[in-house]
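Asker: Below are the chains, spelled out letter by letter.
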Amino acid sequence: MIDFFELEHRCKKLKRKKFIKFFTILILIFTLIGAIIYFLKQPKIQKSPQKEIKTKDINHTKPKIIPKKEKPVVIIKKIIIEKNVTPIQKPKPAPMLNVNIDFQNINDINITKKPSIQKPKQKPISIQTQTHNIKPKQKISVIQEETITFKKAFVLAKQYYENGDYQNSIKWCKIASKIDNTDERIWKLYALNLVKIGKKDKAIKILKTYLEFRDSTELKYLLQRLTQ
Amino acid sequence: MYENVIQSFEDSLNDEVFETFAFNMAVNELKNSKNHLNFLIAPPGAGKSFLLTHTFKDAIFLKALLTKEEIDNNLTTQKLIIIDEAQLLEPKLIEYIRILTDTKQYRFLLSMHLKEAKEILEKEHFKSRSINIVELKPITKEEMNRYINKKLLLNNANHLFSKKEFSTIYNYTKGNFRNIKKFSKTIFELLDFATKNNIKKHMKINSCLITMAALHLGFIND
Chain A
-5 MIDFFELEHR CKKLKRKKFI KFFTILILIF TLIGAIIYFL KQPKIQKSPQ KEIKTKDINH
55 TKPKIIPKKE KPVVIIKKII IEKNVTPIQK PKPAPMLNVN IDFQNINDIN ITKKPSIQKP
115 KQKPISIQTQ THNIKPKQKI SVIQEETITF KKAFVLAKQY YENGDYQNSI KWCKIASKID
175 NTDERIWKLY ALNLVKIGKK DKAIKILKTY LEFRDSTELK YLLQRLTQ
Chain B
2 MYENVIQSFE DSLNDEVFET FAFNMAVNEL KNSKNHLNFL IAPPGAGKSF LLTHTFKDAI
62 FLKALLTKEE IDNNLTTQKL IIIDEAQLLE PKLIEYIRIL TDTKQYRFLL SMHLKEAKEI
122 LEKEHFKSRS INIVELKPIT KEEMNRYINK KLLLNNANHL FSKKEFSTIY NYTKGNFRNI
182 KKFSKTIFEL LDFATKNNIK KHMKINSCLI TMAALHLGFI ND
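Protein sequences appear in the order of chains A and B.
In terms of my numbering, the first sequence is residues -5 to 222.
In terms of my numbering, the second sequence is residues 2 to 223.
Keep in mind the hints are simulated off the structure, nothing from the lab.
One or more hints might be untrue.
When the alpha-carbon atoms are kept at most 20 Å apart in a straight line, the in silico PhoX-like pairs for lysine-lysine are as follows [claimed, not checked]:
1) A:K9 to B:K165
2) B:K201 to A:K6
3) B:K58 to A:K6
4) A:K9 to B:K69
5) B:K165 to A:K12
6) B:K151 to B:K202
7) A:K6 to B:K138
8) A:K9 to B:K205
9) B:K202 to A:K7
10) A:K196 to A:K165
11) A:K165 to A:K193
12) B:K164 to B:K142
13) B:K138 to B:K116
14) B:K175 to B:K164
Distance windows between CB atoms, simulated [as the list claims (entries may be wrong)]:
15) B:T196 to A:F33: 56 to 64 Å
16) A:I(-4) to B:K164: 24 to 32 Å
17) A:F13 to B:R130: 53 to 61 Å
18) B:L122 to A:F24: 49 to 57 Å
Each residue gets a CB set at the ideal place from its N, CA and C atoms; glycine is no exception.
Modelling step: build the complete structure from the supplied sequences, incorporating the hints.
Answerer: Structure below.
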């Protein structure tokens, strides 16, 4: 025997279920379409240059020297970095120009006889910007790549020179010259480093190259001393 | 009110022959077969028994649950021996029938359910021999429409199904004769109940009535 009313009730229930299912799918489809349209219409967010620098730091193992082509980018970096400069990282006010370069010492160096000069008492400072394994006693402050300015690079180069680590000093001289190659102080320091490691000819060549384009009495005097 | 229609959809072997394409194809193949061992396979309710009883009126019909002696007693070279529901036969008896047909003296026609038949015919001794296997296919949607309409018109029924309703019925029954009959019968039983109890909403065939019939017969679950 067929229970008509029970079947009718079941039929209604089934129809209701179908209806709900249909509308749920419909709503889902519209939501999906809406979401797709929303994401497509949204403008792409540009990354700030500071963030870019940070990401680069994580990936690179070596301190990156920015190529000449990207010089405008370097300028932007400088501006940003200088805003964020902490008091500890401020460079000393008297950079290379006030350093009393003992040119007599340059003459004292027997370039041909002596091998590359390394002071035995002082261990070479191993600056690894990627790991920052600098001993706390050493004066050289840790300067992360993102905060490199000309001044900082110059200070580092100078401190390395004073500590007798000429290779690292040359490296920082190069970095500084990439940022600003018009400053004569860095050229002078670079030349002095070259003299110290026995590359006097190269030092003379560098000084001559600079003097071709710019005039500097200090560098002229140094060149004169070296060529004697 | 719909008693006659309901009765016309009762499952019976005494029904009038309703010729369909699949039905005619199967009849032709079986009649023209020169093999001594023939198989008629189809799912349950497809109309195998109906086809056999209406087509081979002069053949010897044997019940499925029989013994070797019964087969021996009915053996004749003159007539076709038909065993309906042969999937119920013991494997030994099937083997015996196969040996008998190998003598080329006797002709057998075994009617089986599709699923079981496939298992039996997969056996090595059937694979290697030339046997005639005829499959009775389900009827088409148009044939089903024609069949139901014919029944309704014969019984002076006022309500006919729409195309959409026919499609729904066909989707549930999948062209199986017995299911079509059962489904149509249930719909008219519901219609009869609604008419007698003055339920105006269901006094005509509608989608809800079809769904109710499908629920009652277990074609769908809620």
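Asker: List, from low to high, the hint numbers that the structure doesn't satisfy.
Answerer: 3, 4, 6, 7
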